[in-house]
Amino acid sequence: MNHQLLHIFRNSPLGRETLLQSIYFSKQAKVSPVIYIPKSTKFLMYFENDVVQIDLDDSYLMSPDTALEHATELLEQAGVEPRFLDPKHYTASTLPDIHTNFDYMSCPRSISDLSSKIGLGYIGPRVRRIVKSAQFPVLITSPVYKEWESIAVFFGGSVNAFNALKLGFRICRISGMPLDVFTLIENNSQESYEKLITDEDLEKEMSRYVNNWHFLKNKTLEENLYDVPHNALVVLGAYGHHLFKTFVFGNKMEKIQSTISNNLLIVGPNYTAAI
Amino acid sequence: MRIFQSWRYPANWTIFRLDDRLLLILAAIIVGSCSGLASVVLNRLLMAMFNWFHHLRHYWWVFVLPAIGAALSSLFLEKIVKEGAGHGVPEVIYSVSRYGGLLRFRSSFSRLISSALTIGSGGSAGPEAPVVISGAAIGSNIAKYFSLNDRQRVTLVGCGAAGAISSIFNAPIAGMVFAIEVIIGEWKSVNIVPIAIASVMGTEISRILQGNQIPFTHRLFNINHMDILACVGLAVLTAAASILLTRLLRSMDKIAKKVPAPLWIRAAIGGCAVGLIGLFLPEVLGKGYHVVQTTIEGAFSQGLIIVGLATIAKIVATALTLGWGGSGGIFAPCLVIGSLAGLTYHHGLALLWPSVSWVNQGCFALLGMAGLISGMLQAPLTGIFLIVEITGGYEVILPLIIVSAITTSLCHYIEPAAYYMKELVDYGHLLRPGTDARVLSDLNVSELIEKDCIAVTQNMLLRDFISIVKKSHRNYFPVENEETGHFMGIIHLDDIRQYLFNPVMYDTVFLGQIMNTRVEVVYPDDDLADVIRKMDANRLFSMPVVVNNRFIGLISKGSLLDQYRRELMVQTS
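Heads up: the protein sequence lines correspond to chains A and B, in order. Per my numbering, the very first residue in the first sequence carries number 1; after that it's consecutive. Per my numbering, the very first residue in the second sequence carries number 1; after that it's consecutive.
Bear in mind the hints are in silico, worked out from the structure with no lab data behind them. Any given hint could turn out to be false.
List of simulated lysine-lysine pairs, BS3-like, C-alpha gap at most 25 Å [to be verified]:
{"hint": "1", "chain 1": "A", "residue 1": "K88", "chain 2": "B", "residue 2": "K258"}
{"hint": "2", "chain 1": "A", "residue 1": "K88", "chain 2": "B", "residue 2": "K257"}
{"hint": "3", "chain 1": "B", "residue 1": "K470", "chain 2": "B", "residue 2": "K534"}
{"hint": "4", "chain 1": "A", "residue 1": "K42", "chain 2": "B", "residue 2": "K557"}
{"hint": "5", "chain 1": "B", "residue 1": "K534", "chain 2": "A", "residue 2": "K42"}
{"hint": "6", "chain 1": "B", "residue 1": "K79", "chain 2": "A", "residue 2": "K39"}
{"hint": "7", "chain 1": "A", "residue 1": "K88", "chain 2": "B", "residue 2": "K471"}
{"hint": "8", "chain 1": "B", "residue 1": "K144", "chain 2": "A", "residue 2": "K132"}
{"hint": "9", "chain 1": "B", "residue 1": "K257", "chain 2": "B", "residue 2": "K451"}
{"hint": "10", "chain 1": "B", "residue 1": "K470", "chain 2": "A", "residue 2": "K42"}
Here are a few chain A residues that face chain B, going by a calculated C-beta distance under 8 Å [stated by the list, open to error]:
{"hint": "11", "residue": "E17"}
{"hint": "12", "residue": "Q28"}
{"hint": "13", "residue": "Y36"}
{"hint": "14", "residue": "N49"}
{"hint": "15", "residue": "S59"}
{"hint": "16", "residue": "S63"}
{"hint": "17", "residue": "T66"}
{"hint": "18", "residue": "A78"}
{"hint": "19", "residue": "T91"}
{"hint": "20", "residue": "T94"}
{"hint": "21", "residue": "L95"}
{"hint": "22", "residue": "R126"}
{"hint": "23", "residue": "R129"}
{"hint": "24", "residue": "D180"}
{"hint": "25", "residue": "E200"}
{"hint": "26", "residue": "M206"}
Just so you know, even glycine gets a beta-carbon here, dropped at the ideal spot from N, CA and C.
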């Protein structure tokens, strides 16, 4: 368990659900959760080519006296050794720097806007920036704790989709959970997607790890999403296309996250996956 | 589509791929222009606010104006832009030292607005630090847009700072020197060329929009040997003023933090106190450039006591403004305090030796400014070039050098770290390129772990262990628990030496009996400097790296030296 997942702890019932999700993911993916209990509503994350200031909503600072106790209790109940992150560096006295050498990070859909914290269809701007800048995948948890029992990878052929697929293989290998791949057939044929897999030399992995490759043929992506198991961890790439295409045709990640309430593992453009 | 794709990734534009230096120079032109523009914007804002509030100056309640300004400034920073940071320059140096110059986009405008509120309402602070962080943040974000690497980003941060200082003072050399001496701390042609270009651009923008004026004009000074000798005394006085200002700023900050009130109320308290001082000594209000102009023209007609009081009052007002939460920099207050200190010194000399024909009091005011800047920043070149450029007075260069050099040395002796650097030094964040601390901070434990160690168990017989030793080229062997896999201790080859030549022991000694269980371990998150400290203290050559009670590898001084040299070569090439 050398890999680490960063979790920002919110000492509230919603935060408990999120931490339970992180703990479950950590146990399945064999990573160690590292918990940061914020002492101020702001912190900075310095990525390779960006610095993101996270402005947490006030609920993260609720009942600071019991935060450590609550987090420890949940971790110990799950049989996980509690590890807490204590920031070593500060850009300013109230602005700690949280290092970004993690393998995963767990986030709610919004980290800085309390009103939309449990709503679907909205990913806050900070979470977007983290996904765009991070060299690790971001686990966007569902609002209520639910154990996932399979993995569903959305594959559309982009670079990020390949990274998502490789990450799906990796979690499948480590957790032993069944893996399904979902591809929305748009203008291309089924064969063209298979050729992409062949070109990337991933045929062997596909046959080893993938249970079913579903080619979705309904008109819209939303209609097809009912086929995704309700208890699956959904792995998908984000921000793989350029601005113009996203602006005109929309973003698939946004459509998916606004339609299904599963746990999402989102792979951003700076993540490089290894199987 | 391809057009749009290439538009989003300017770093891939063919023109920039031809030569990285060309890319940096073009980026420096943009950064210098933008930071110059930011300075002009702040200057105009301050002038507008001065005009708005000027007619209110005769009302008795005017002392609340700095309080309102400081409170609004603090609220703006805390609640609207959520900056959560200090005066600016230390943040820029911190980011250059530790994170390759990464700065938030919001910093490119936040301090301009907050400092306009503080200074425009009468707070005793300067607009220079705010424009430095704005310029630096502009440089950093342009570097991000062009996907530049850390070194190039740091250069553009320097370009931003240089452009801003050049523009606000109409002083290109001072801007350049400040960026290299204070912000980057590395004199290399790869930095100097883009920074020089950014300085020129910043100055040109200022000259186009505001005219080419020397900020503080003065008449010609006729300096004799006695004046040069007297500079030594002035340097002592400016060093004392610098130390007093530095310590008062820090103590005000500490006192303010103890007040159980929101930051904006603390800022208002500080502002109110400044306003009250301003009722009696209006010289302390605002950036105070008119005071500087009056003193170096030799037109400040007050006597020794009043000038001395004004000097101390300006020091206190600056500490109250900045220490209690107002937004701004210390350049302008340093110029005012320095000029008043110089004037005080001149009055003192004239009183003690009335028969000596001293140079005009404006000359001492000018030298005092250089002394304060050099003392506070501990950057003598910045002090010298800034004063030469903003006064157009090259004839004072010799006494300027004397005052700057002596003040810097005295201040460095009493306060080893400059005002901007003090906290950074205290927390070990001042990491100049090519220094031991910087090299170590750029390496981490994870990248130095040697994983080719063979783990053994505590129940293994010595005979089996010897056969493992034959296959391994390592001297250290981690011992793990058979059932849990937890790390239990370590065996060094020296530990089995005494049994090696006694075959009887091969089947009687278990590794659990001879392993060393009192082992200092390292965690992947540990700072490398701390790890080396542990190694030195315990005279260790290698240490095991452990995560969750599991051994994951060794870290040794040998591999550290290899990586250290590589990193040092990268930083100093």
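Status of the hints after comparison with the structure:
Taking the CA atoms of K88 (chain A) and K258 (chain B), the gap is about 23 Å. The hint holds against a cut of 25 Å. Between K88 (chain A) and K257 (chain B) the alpha-carbon distance is near 21 Å, which keeps this suggested pair within the 25 Å criterion. Between K470 (chain B) and K534 (chain B), the direct Cα distance comes to roughly 30 Å. Violation of the 25 Å bound is thereby established for this hinted pair. About 38 Å separates the Cα atoms of K42 (chain A) and K557 (chain B), which puts this hinted pair outside 25 Å; it is violated.
For the hint pairing K534 (chain B) with K42 (chain A), the CA-to-CA distance comes to about 33 Å; that exceeds 25 Å, so the pair is violated. Only pairs whose Cα atoms come within 25 Å are accepted, and K79 (chain B) paired with K39 (chain A) is accepted, the gap being roughly 17 Å. Taken as a hint, the K88 (chain A) and K471 (chain B) pair is broken in the structure, with Cα atoms around 41 Å apart against an allowance of 25 Å. Our distance criterion of 25 Å between C-alpha atoms is met by K144 (chain B) and K132 (chain A), whose separation comes to about 13 Å.
Taken as a hint, the K257 (chain B) and K451 (chain B) pair is broken in the structure, with Cα atoms around 48 Å apart against an allowance of 25 Å. At roughly 55 Å between alpha-carbon atoms, K470 (chain B) and K42 (chain A) are farther apart than 25 Å, so this suggested pair is violated. Look at E17 (chain A): its Cβ only gets to about 25 Å from chain B, farther than 8 Å, so that hint breaks. Violation of the interface hint for Q28 (chain A) is found here, the shortest Cβ-Cβ separation to chain B being roughly 16 Å, above the 8 Å cut-off.
Against a cut-off of 8 Å between C-beta atoms, the interface hint on Y36 (chain A) is violated, since the closest Cβ of chain B lies about 12 Å away. At a threshold of 8 Å, the smallest CB-CB gap from N49 (chain A) to chain B is about 6 Å, leaving the interface hint in force. Among the interface hints, the one on S59 (chain A) is violated; its C-beta lies about 16 Å from the nearest C-beta in chain B, farther than the 8 Å criterion. At its closest, the beta carbon of S63 (chain A) sits 21 Å from a beta carbon of chain B; the interface hint therefore is violated under the 8 Å criterion.
With its C-beta approaching chain B no nearer than about 23 Å, T66 (chain A) sits outside the 8 Å limit, and its interface hint is violated. Given the 8 Å rule on beta carbons, the hint for A78 (chain A) is violated: about 14 Å separates it from the nearest Cβ of chain B. The beta carbon of T91 (chain A) comes within 6 Å of a beta carbon in chain B, closer than 8 Å, and the hint placing it at the interface holds. With a least beta-carbon distance of about 5 Å to chain B, the hint placing T94 (chain A) at the interface is held under the 8 Å criterion.
Taken as an interface hint, L95 (chain A) checks out: its beta carbon lies about 4 Å from the nearest beta carbon of chain B, inside 8 Å. Because the smallest distance between the Cβ of R126 (chain A) and any Cβ of chain B comes to about 11 Å, over 8 Å, the interface hint for this residue is violated. Interface restraint check: R129 (chain A) against chain B, minimum CB-CB distance 11 Å, threshold 8 Å, status violated. At a threshold of 8 Å, the smallest CB-CB gap from D180 (chain A) to chain B is about 31 Å, leaving the interface hint violated.
Given hint, E200 (chain A) at the interface with chain B, is violated; its Cβ is 21 Å from that chain's nearest Cβ, farther than 8 Å. A cut of 8 Å between beta carbons decides the hint on M206 (chain A): the least distance to chain B is about 29 Å, and the hint is violated.
Going through the hint list in order, the structure does not satisfy hints 3, 4, 5, 7, 9, 10, 11, 12, 13, 15, 16, 17, 18, 22, 23, 24, 25, 26.
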